[in-house]
Amino acid sequence: MTLTIGTRRSALALAQTGLISRMLQSLYPALEVKQELIVTRGDRILDRPIAQIDGKGVFVEEIEEALRTGRIDLAVHSAKDLPSQLPADMCIACVPGRADARDVLVSRSGTLEALASGATIGTSSPRRIGQLRQRRPDLDVRSIRGNIDTRLRRLDEGAYDAIVLAAAGLDRLGLSDRITTAFDPDAFIPAVGQGALALEARTGDSFLHDLVAPLEHAASRCALEAERAFLGTVGGGCSAPVGAHASLHGDTLRMVGYIGSTDGRAIRQVATGDAADPRGCGARLANAILSAGGRELLDGHRHEPA
Numbered sequence: 017m018t019l020t021i022g023t024r025r026s027a028l029a030l031a032q033t034g035l036i037s038r039m040l041q042s043l044y045p046a047l048e049v050k051q052e053l054i055v056t057r058g059d060r061i062l063d064r065p066i067a068q069i070d071g072k073g074v075f076v077e078e079i080e081e082a083l084r085t086g087r088i089d090l091a092v093h094s095a096k097d098l099p100s101q102l103p104a105d106m107c108i109a110c111v112p113g114r115a116d117a118r119d120v121l122v123s124r125s126g127t128l129e130a131l132a133s134g135a136t137i138g139t140s141s142p143r144r145i146g147q148l149r150q151r152r153p154d155l156d157v158r159s160i161r162g163n164i165d166t167r168l169r170r171l172d173e174g175a176y177d178a179i180v181l182a183a184a185g186l187d188r189l190g191l192s193d194r195i196t197t198a199f200d201p202d203a204f205i206p207a208v209g210q211g212a213l214a215l216e217a218r219t220g221d222s223f224l225h226d227l228v229a230p231l232e233h234a235a236s237r238c239a240l241e242a243e244r245a246f247l248g249t250v251g252g253g254c255s256a257p258v259g260a261h262a263s264l265h266g267d268t269l270r271m272v273g274y275i276g277s278t279d280g281r282a283i284r285q286v287a288t289g290d291a292a293d294p295r296g297c298g299a300r301l302a303n304a305i306l307s308a309g310g311r312e313l314l315d316g317h318r319h320e321p322a
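All residue numbers for the sequence shown refer to this note's numbering, where the first residue is 17 and numbers rise by one.
Some hints could be false.
[As the list claims (entries may be wrong)] What follows is a set of in silico ranges between Cβ atoms, one per label pair, in the way DEER data are often shown:
hint	residue 1	residue 2	range
1	GLU129	GLY174	34 to 42 angstroms
2	ALA234	ARG124	36 to 44 angstroms
3	THR166	SER125	31 to 39 angstroms
4	SER307	MET17	50 to 58 angstroms
5	PHE223	GLY174	47 to 55 angstroms
6	ARG161	ALA203	23 to 31 angstroms
7	SER42	ASP154	44 to 52 angstroms
8	ARG161	GLY220	35 to 43 angstroms
9	GLY266	THR166	39 to 47 angstroms
10	GLY309	ALA46	50 to 58 angstroms
11	GLU129	GLU232	19 to 27 angstroms
12	ASP267	ASP154	38 to 46 angstroms
13	GLY220	ALA31	58 to 66 angstroms
14	GLU129	THR166	24 to 32 angstroms
Because the hints were derived from the structure by calculation, they are not lab data. Small disclaimer: the values here were computed from a predicted structure and weren't measured. From the three backbone atoms N, C-alpha and C, an ideal C-beta is built for every residue, glycine too.
Model the full structure from these sequences, guided by the hints.
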């Protein structure tokens with residue numbers, strides 16, 4: 017049997033797809049796995065931040081269309097790239113064990129606290145921009161796009177004094193030695209789904225669902241569902257300064273949520289709930305933050321000039 021997995025062309029996407037391919041082939045030695053490389057809208061548009069690209073799912077739409085037409089059987093995504101609502105004919109068939117969810121600083125001159133006033137720090141994420149400005153309003157936060165290698169090269173060339181990246185991406189590329197500081201996820205809230213992989217398939221493809229079922233990690237699924245429910249209730253995406261991080265502690269789900277603005281204003285709250293109801297926990301936390309002023313912060317962000 018041959019399984020065709022769709023993926024983006026970046027080194028990170030290929031590393032993640034390779035990981036899943038090896039896991040499946042260890043389970044099914046007779047399985048042949050092929051990779052179909054797909055260029056998405058987010059890959060093509062590099063002259064502006066993701067937040068300024070119209071629409072949702074800028075890294076997944078073309079891959080979902082390949083699933084829909086049968087060109088591929090399975091898609092491997094960074095879960096943080098998925099919009100909060102999938103098309104009815106698509107589903108997350110499997111969530112493998114989650115990697116490190118934290119954001120990290122990669123710096124030429126020390127920790128975030130050690131950076132000189134006016135130092136340049138690169139990120140295009142409104143969520144990261146807001147949290148950086150809350151902690152260090154004296155820094156010069158500048159946009160940066162491109163894959164991880166490109167961003168590291170621009171840092172090394174001196175275009176930035178530091179950049180913020182996801183720990184999981186560096187780990188999966190064998191670049192964890194570049195990390196200067198890993199941020200506490202309770203203090204510097206990650207993106208929804210950060211560090212997790214989502215295996216997307218056609219909703220009715222029961223054979224494929226059964227095939228990937230042994231890779232499912234229950235605690236990672238629980239946390240991801242809570243975070244995605246938070247995002248869906250808030251109504252934000254990668255264009256909004258929104259973050260959440262959930263973790264499982266026995267039968268209890270603990271979750272921290274964040275709604276902010278790029279000027280550094282923010283509301284953070286922590287909630288706990290029954291691990292059997294992750295979506296309910298995520299939705300309740302989102303509504304609590306929205307009611308505490310988060311709605312006004314989001315409205316203000318939507319009216320900011322592009």
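Structure-based check of all given hints:
{"no.": "1", "hint": "GLU129 with GLY174: 34 to 42 angstroms", "in the structure": "21 angstroms, violated"}
{"no.": "2", "hint": "ALA234 with ARG124: 36 to 44 angstroms", "in the structure": "41 angstroms, holds"}
{"no.": "3", "hint": "THR166 with SER125: 31 to 39 angstroms", "in the structure": "21 angstroms, violated"}
{"no.": "4", "hint": "SER307 with MET17: 50 to 58 angstroms", "in the structure": "51 angstroms, holds"}
{"no.": "5", "hint": "PHE223 with GLY174: 47 to 55 angstroms", "in the structure": "52 angstroms, holds"}
{"no.": "6", "hint": "ARG161 with ALA203: 23 to 31 angstroms", "in the structure": "26 angstroms, holds"}
{"no.": "7", "hint": "SER42 with ASP154: 44 to 52 angstroms", "in the structure": "50 angstroms, holds"}
{"no.": "8", "hint": "ARG161 with GLY220: 35 to 43 angstroms", "in the structure": "37 angstroms, holds"}
{"no.": "9", "hint": "GLY266 with THR166: 39 to 47 angstroms", "in the structure": "42 angstroms, holds"}
{"no.": "10", "hint": "GLY309 with ALA46: 50 to 58 angstroms", "in the structure": "57 angstroms, holds"}
{"no.": "11", "hint": "GLU129 with GLU232: 19 to 27 angstroms", "in the structure": "40 angstroms, violated"}
{"no.": "12", "hint": "ASP267 with ASP154: 38 to 46 angstroms", "in the structure": "44 angstroms, holds"}
{"no.": "13", "hint": "GLY220 with ALA31: 58 to 66 angstroms", "in the structure": "30 angstroms, violated"}
{"no.": "14", "hint": "GLU129 with THR166: 24 to 32 angstroms", "in the structure": "27 angstroms, holds"}
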